[in-house]
Each structure stands twice: as C-alpha cells, then as structure tokens.
Amino acid sequence: MSQSEMSRAKRHLETTAKMKEMLPRFFMRMMERKFSNEPVAWCMVGVPPELLKAFDLLFEWPENFGTMCASRQVAPMFIQEAENDGYSPELCSYVTNTMGYCKLFQEKGEAPEESPLPGGMGTPAMLLGSGFVCEPRWKWFQSVATRFFDVPVYSTDPLAPPWDIDAKDPRIEEHYLALLREDLAGQIEFMEKHTGKKLDLDNLREIMKRSHKALSYWRDTLALRKAVPSPMGSTDYFHAIIPQMYLVGDEDAVIFYREMYEEVKDRVERGVGVTEEEKYRLIWFGLPPWFNMGVFNYLESLGAVVVYESTYNVGDHFEVDLSDPLEAIVRRTWQRALKMHEYGSETMPELCNPAVFGGFSGSNLLEELVEQYRLNGALMHLTRSCRAVSFGEVHTRNRLAKTNVPSLIFESDMADPRFWSDAQIKTRLHAFLETMDKAKQGGSIDDL
Amino acid sequence: MTSSQFPFDKTGFSTAENEKIIRNLKEETNKPVIGYLCCFAPPEIIAAAGAIPYRITGQPGGDTSPADSYVEPYGCTYVRNVLARAGRGEFDFLDGLIISHSCDMVQRLYGIWTYYHPLSFSYLFNVPHQVTPWAKSFFKRELGFFREKIEQFTGNRVTPEILRETIGRYNKNRALIREIYELRKLDHPPVKGSEVLDLLMAGGVLPADLYHDYLQSALATVKQRKPETTNKPRIMIWGSIMDSPALFEMIEESGGTVVCDDTCIGFRTWEQDVPPANDPYDSLSEHYFVNFQCPRTDRGPGTERFKYILDRAREFRVDGVVGYIISFCDPHKFDYPDLRDHLKKEGVSMVLIDDNYSFEPSEAIKTRLEAFMEMFC
Ligand code: SF4
Ligand code: SF4
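Residue numbers (numbering that gives the first Met the number 0), protein chains in the order written: chain W, 0 to 447; chain L, 0 to 376.
The set of hints was computed from the structure by calculation and includes no laboratory data. We put the beta carbon where it would ideally sit given N, CA and C, even for glycine. Nothing false has been slipped in among the hints.
Capping the alpha-carbon separation at 20 Å, the derived lysine-lysine pairs in PhoX-like fashion look like this: (1) L:222 <-> L:171; (2) W:439 <-> W:278; (3) W:167 <-> L:148; (4) W:401 <-> W:437; (5) W:278 <-> W:225; (6) W:102 <-> L:343.
Covered by chain W, per the in silico footprint, the following chain L stretches (three or more residues, Cβ under 8 Å): (7) 95-104; (8) 119-125; (9) 128-139; (10) 300-307; (11) 324-337.
Sequences are here, hints too, so could you generate the full structure?
Take a look at the structure:
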C-alpha cells in the first residue's frame, strides 16, 4: 500500500511537542515494571483510570494501541491477521487490530516486532472492560479471553436512560444510580481479588483531585478555541488526550494540561491562529483517521480550521464532591448522562465516562456550539468499522441544516486505511469548502 | 377471526400475511396494536395490558433508500429495512412501539424512529449486558416501569393475577412448540425447517389463544405425515434475524434438513416455560433476561457463551451448522470465529453465509450449500 501524503501530521503547540519526551519516559518505566513480571491489566476506555492508578496497576489501552498502530501504519498488517482468522472486515478495526496482535503474540511467544510500544502490550493478567458506547466492547475482551489469554475479565455496564424518558425523575435516577454503584462495587471487588491489594480510598481521592484538576485545565483550554482565530487545531487536540489516559492522577498530567492551557491562552491574547488566514471554522464529528492525521494540516492549508471535536470532549461533569471518591465516580458518570440527555440522546446508547473523555452526537447542543464557536461547517467522519461513534451523523446533519451549517459526511475508518484515497478526499473537501462559501453568502445548503 | 382461517399447509405466515392478519384483528377487537422488536420486553405484559403484541418484521430485499435520510449506510441491513418501512408508513397500523436495548443498532433504531415518526406510545426497554445480581435487579425494575407505562397507555391495570394467567397461556404454546421440536429429533423429522419458521412467525402476530389452536392443528397435521426414508444431513441454523424462509428452502433444496436453530425468531424464545415464582416479575426476569440466549448478552469468556448452541447441537444430533450473518451485524460477526472453533472441537462443521438481508437465492450460495451438504454424504 503506498503511503498517503497525509500520513504525517504537524502539531502547532509547544506543549504537545513535549509529549515526545514525557511519554517515552513513562513507557520506559512501564516496561521495566513489566519485565519484572508485574501483572498488566488491559483496559477499555470507560474504566475510570483513577482506579488503575489507585491500585498502582500496570495497564494498557488496546484502543489506544490501535490508534498507535494506525499512525505507525502497522494496523493493516494486524487487521489482516484477524481477517485470516475469520473476523469480518466490517468489524471495529481497533478490535481486529488487537486480535491480530494477540494472534502474532501467541505464535511468536512475544510481542510482534511491528508493535509501536516497547514490548507491545505485553501479556494481560486481567481484562477490565467497559460496555459504554458500543457492542463490540462486549465482544472484544470476551473473545480475547476465549481465544488468546485465559485471564479473568470484568466489564462495567454504564446504561443510560433513553432520550424520551424523564431522567430527572428521582425514581429513574435511582434506577440507574443503583446499577452504576453496584457495578463499580463489583469492579473494585474484582480488582482487589486479582491484585491482592485493598483499595485505599484516601489515595483514590487524592488521585481524583489531581485528575479532575487536569481535566478542568483541558476543558478550559477547549473553551479558548472559541477565539477567532482559533489558537489550536485538531492535530494538537487529538494528541493531547494521551496524557490523561496514561498519566492520569499524576502531577505530570496536571502540569501538562496547565502548560497547555497557558500556552493556548497566550496565543489567544496574541491573536495567534493555526493558519495565516482563518477562512472556515469547522466542527469535527467522529473518530479521526489516525493513519492520516495530516488531513487536518491539509485543511489548514486551505484556511479551514477544526475548532471543536465531538469525541473525547469534556464538559463540567467532573465537578463533583470528592469526599466519597466512589460516589464521585458514580455521580460524574451520571452527570454526564444527564447532560447528554438534556442535549438529546436519541442516537446514544450508553454513557461515556468523562474521566476518559466521552463524546456526543446529534443533539440540541449543536445550536449553542454553532454560535459560540462561530462554526461554518461540519466534517463528519463516517468510520466504516466503528458504527457506534459515527451513527447519528446523518441525524446531526439534518439538525445542523436547520442552522444553515453545511455538513460533509465522508467515509473512511479510524485505523484501517483501506478505504482512504487522497485524491478522492481532496476533491470532496474542495467541493465542500465551496459549499461553505455559498452558505456564508446566504445561499441555501439544500442543494448540497 | 379463528385459527381455522389459517390451515397449516397452505398459509404462509410471511411478513405480508402477518400484516393483513394484524389489520383484521385490530378491526375486530378494537384493541391497540403494540409493535415490538426483540423480546426482552415480554409480550406477555403487552397482552396482559389489553393490547395486541405484534412482532415487527422487515421485508427482505426491500428498498432501504428511505432510511438514508435519517441513518448512515453502514448499519445492520435489517434495521435499515425496518426504518425504511416505518418511513414509508407501512406500520401505520401500530398504536405503539416497544423496542428493547438489545444490540446497538436496534437501540438506535428506537431513537431515530421515535424522533422522526413519533407514535402515541413508545418505550425503550433498557437491558443490562451481563447477568449479575444487580443487572437482574435492574431488569426487574425495568419490567415495573414498562408495566406502568403500558398501563397508562391502555388504561388497564396489569394485576399479578392477569399477568400470571397470561404467562400461563403463553406457556401452553411453549409446550406445543417443544413438542414440534421433539419431532425434529427423530431420524426423519416430519416437519421442515421452513415450515417451523412459518409457525414461529405466526407466534409474532396471533394472540396466544388463536396461536394455541393453530399450533395444535399444525401438530396434528405433522403427526399424520408419513416420514421420509432418506437420510439427510441434519442442519442447525445460527445467526442474524431470519424472518424469511428463503435460506431454509435453499438448504432443503441442497439436500439438507434443518432440525434446529439459534436465531432471533427461533426456538430460544419458546423452548423453556416462563418458570413459576411467587412474583411473576421474578419469573419474567429469569426467562427473558437470565435464560434468554441472545449473543448481545455477555456470558463471559470460554465455552459458557456457546453452551446453548453446543447443547442443542448434541440434542438434535446436528451434522453441520449453517451460519447466516447480515451486513454489519456485530453481535454475530464477533462471535463467529469463536463459535466456529468451538463447534469444530465438537466435530461439527460450519459454513457461513453472508448476506445483506436480501435472501437472494444466488448461485454462489447454492453452490456453497451443496458442497457443504456433500461433506456429510
Ligand atoms: S466505539 Fe467504535 S472504535 Fe470504540 S470500540 Fe466501539 S466500535 Fe470500536
Ligand atoms: S442482532 Fe444483528 S441482525 Fe439483529 S438487529 Fe442487531 S445487528 Fe441487526
């Protein structure tokens, strides 16, 4: 497969550039511990990362591993391995990437050399899943533990009230909170059993304080992107989520997000934008094409900047009372559910955990965003193998059309580059920019 | 309307037929018709509230383009088909809609359907994904909320007595269906898989009493048949929703005989009685949540999740499994490699048919099925 000219991405912030030193340090520490045979938990986004930290557990995120494999262009090789095993090309490419990795790991008895992390994801001692957002997550670890590593699995099940139910009705609230609480208790019991450690609530509280501090800097940074010109684009945004996944609860993460906030604020004050001339301000829906993050730079070269992303976004849901840290985990999950519900959750099945960046789709929030972020258009990445996150884009497009904001839905994938063509994507992006021009001049977007 | 209007050997309970029946029933009884999809929300509660439960079906191969105005092209083709039908107003006989949070696609179908085509009554029945004590409590509370909602809509109270009595009527039908499946364990089953699907499709539209009569007459007819004498490969069907007999017929034409199934409209809803308990909601939770074998529920890793299929394969002395998966059906596509391997360990082969809910009897499928059947000769 010839490499796309968009495979390399340029970031604009100095803070995100620092990740290049910060993360390897962290990964080296992890690797040393792995080599001394400390157990590793493979975790799914949705597992409160603060808990992992509180148990001082080594962990890996197969999802994030999928994004890394994609950006290093090795995902297709792993995915192909899984397909040879009978997994359909339609299935979530993060999952098939994991399956291919596991298969090669077992065949070779060690991490395949193509793995982007030193030592790969290692061998899991337990799997901590979360069913939030999608069905594949239920199957993923079930299969890993059936086919490859016979280790214990615990998954949480954060159900959320459907869009047409009164979520503020105290009975409904209790109905869902009871599930969340018991589920969390089950998770802790599982972790205590399999780590042989007792959860220290005081430690957890301190970790959560730091984690929430970092999140609040992150949230405030995102709000700064309302400025014209926007001080920060998607290449920085999508990379800056990583510290919260790996360094959560560390002082390092607080410092990272604070510095990022300060840098972005400074750029706003100095009027420094991402592009020389900011002609279009866009909202991005869905997962990014991790193998071609340069597409954002390409857009920027045309004067189009993405100023808001629907995925990995945080709001105020983590502003909860931390005195009882377990109740705080439950409450922030629930607060997020309420927020999603208020905004319209007709296409959302479950809650997202704000500690690891949730997402939203198709909702009343749109009108607010269009105004506050002065959006001219929406780019919607229809990820073929992740229907969970891209589902609702057509509905969102319908709703955006009411505010005369045009949308472009384009098809590709988050980790599998087989559906991408530079030429095609360029043609479509150019045509879309013309449509935005027309819409800006007051033309109707109906003839899109 | 009486069951004698549906002689077993003649009437096919196809989608079109079922819709005619439901329209007539609605007119005759003046009862509201509540459409349901996936049966975590028990139809017994709908019936006990004085409404007619109607299992929504798609129209295989039908035009799904009307769905494009609300949903993405990448989605379960069955769900898109149903949505397209809703968009065309083909479900105008429904007074209400109950959809369970089974797979992702069905859950989202609910949101989009009720947003764009609101009905006077609709309810999403939420279902946890794994069988823990707290998930069971959630399910039971959900049953309670569901009952309240439907009571408000029909104006009829669902007392424990009425509910128990309704469950009893459904259980009588379960017993008859079990009897029919027992006949399929014989060396030469006197009933074809396509006919059994037809019978089960009737269960999605006929009220319990009528269905009972129908099952009885079907059973009588089947028992009188002279059994065939040729030995045929014994096939189990596994996979996505199948509300068309086309694949069963293709298997039959290729020389196989379908003896059991693990699909949505299959044995799994009927095979066991709703167990007796002091509290009927405990009975329903046990049946529709704990015991109900849908791949969307996580039963942990290993063999446990395939136990249901492996047990049926042994009981019905299955030679081979025909898997049928439609495009973008995650629950089944994810299970396939593990299931195939588990079956293999038991000495049962499997062939997988991919489709886009068209059920087109293509040459390619026929050739594969024929080759598969030959393995057993
Ligand atoms: S949300 Fe999408 S990308 Fe994430 S696990 Fe589910 S299907 Fe895969
Ligand atoms: S289980 Fe599969 S076929 Fe059935 S509705 Fe869900 S995705 Fe579609």
